[in-house]
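Chemist: Sequence:
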Amino acid sequence: MPRRILEGVVTSNVREKTVTVKVTRRVMHPRYKKYINVAKKYHAHDEKNECNIGDRVAICETSPISKTKSWIVVENNSGKGE
Numbered sequence: 003m004p005r006r007i008l009e010g011v012v013t014s015n016v017r018e019k020t021v022t023v024k025v026t027r028r029v030m031h032p033r034y035k036k037y038i039n040v041a042k043k044y045h046a047h048d049e050k051n052e053c054n055i056g057d058r059v060a061i062c063e064t065s066p067i068s069k070t071k072s073w074i075v076v077e078n079n080s081g082k083g084e
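First residue of the sequence shown? That's 3 in the working numbering, and the numbers climb one at a time after it.
Keep in mind the hints are simulated off the structure, nothing from the lab.
Built from N, CA and C at the ideal position, the CB exists for glycine as well.
Misleading hints may appear alongside valid ones.
[Unchecked claim] Calculated cross-link-like contacts (lysine-lysine; reagent style DSS-like; alpha-carbon spacing at most 25 Å):
| no. | residue 1 | residue 2 |
| --- | --- | --- |
| 1 | Lys42 | Lys71 |
| 2 | Lys43 | Lys69 |
| 3 | Lys24 | Lys43 |
| 4 | Lys50 | Lys19 |
[As the list claims (entries may be wrong)] Derived CB-CB ranges, DEER-like:
| no. | residue 1 | residue 2 | range |
| --- | --- | --- | --- |
| 5 | Ser14 | Ser65 | 32 to 40 Å |
| 6 | Glu63 | Thr13 | 16 to 24 Å |
| 7 | Asn51 | Val25 | 19 to 27 Å |
| 8 | Ile7 | Ser68 | 16 to 24 Å |
| 9 | Asn51 | Glu9 | 31 to 39 Å |
| 10 | Pro32 | Ser80 | 19 to 27 Å |
| 11 | Tyr34 | Asn79 | 16 to 24 Å |
| 12 | Val29 | Glu63 | 18 to 26 Å |
| 13 | Ser65 | Val40 | 19 to 27 Å |
| 14 | Arg33 | Ser80 | 36 to 44 Å |
Generate the whole structure from the sequences, applying the supplied hints.
Modeler: Written out as structure tokens, the structure reads:
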């Protein structure tokens, strides 16, 4: 089964080697047919502690690392190269 890749914004980097990523997606309401934003937070493994709050990152699904971590950071688009 292919691994899912999601993009979101880092909301917390307090813990060691762990970041919290908020992923927002647009879904259509089943009755009113209006698009609404739905957000969910994921805990992701950041091996080098290089992500800061506000960075846009891509996370990939993996086997469980701890009780709440099943994602790893694969790309950090912090805008340093611009």
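Chemist: Could you run down the list of hints and mark each one as holding or not?
Modeler: These are the hints, each one checked on the structure:
no., hint, verdict
1, Lys42 x Lys71, "holds (14 Å)"
2, Lys43 x Lys69, "holds (15 Å)"
3, Lys24 x Lys43, "holds (4 Å)"
4, Lys50 x Lys19, "holds (7 Å)"
5, Ser14 x Ser65: 32 to 40 Å, "violated (23 Å)"
6, Glu63 x Thr13: 16 to 24 Å, "holds (19 Å)"
7, Asn51 x Val25: 19 to 27 Å, "holds (21 Å)"
8, Ile7 x Ser68: 16 to 24 Å, "holds (20 Å)"
9, Asn51 x Glu9: 31 to 39 Å, "violated (20 Å)"
10, Pro32 x Ser80: 19 to 27 Å, "violated (37 Å)"
11, Tyr34 x Asn79: 16 to 24 Å, "violated (34 Å)"
12, Val29 x Glu63: 18 to 26 Å, "holds (20 Å)"
13, Ser65 x Val40: 19 to 27 Å, "holds (26 Å)"
14, Arg33 x Ser80: 36 to 44 Å, "holds (40 Å)"
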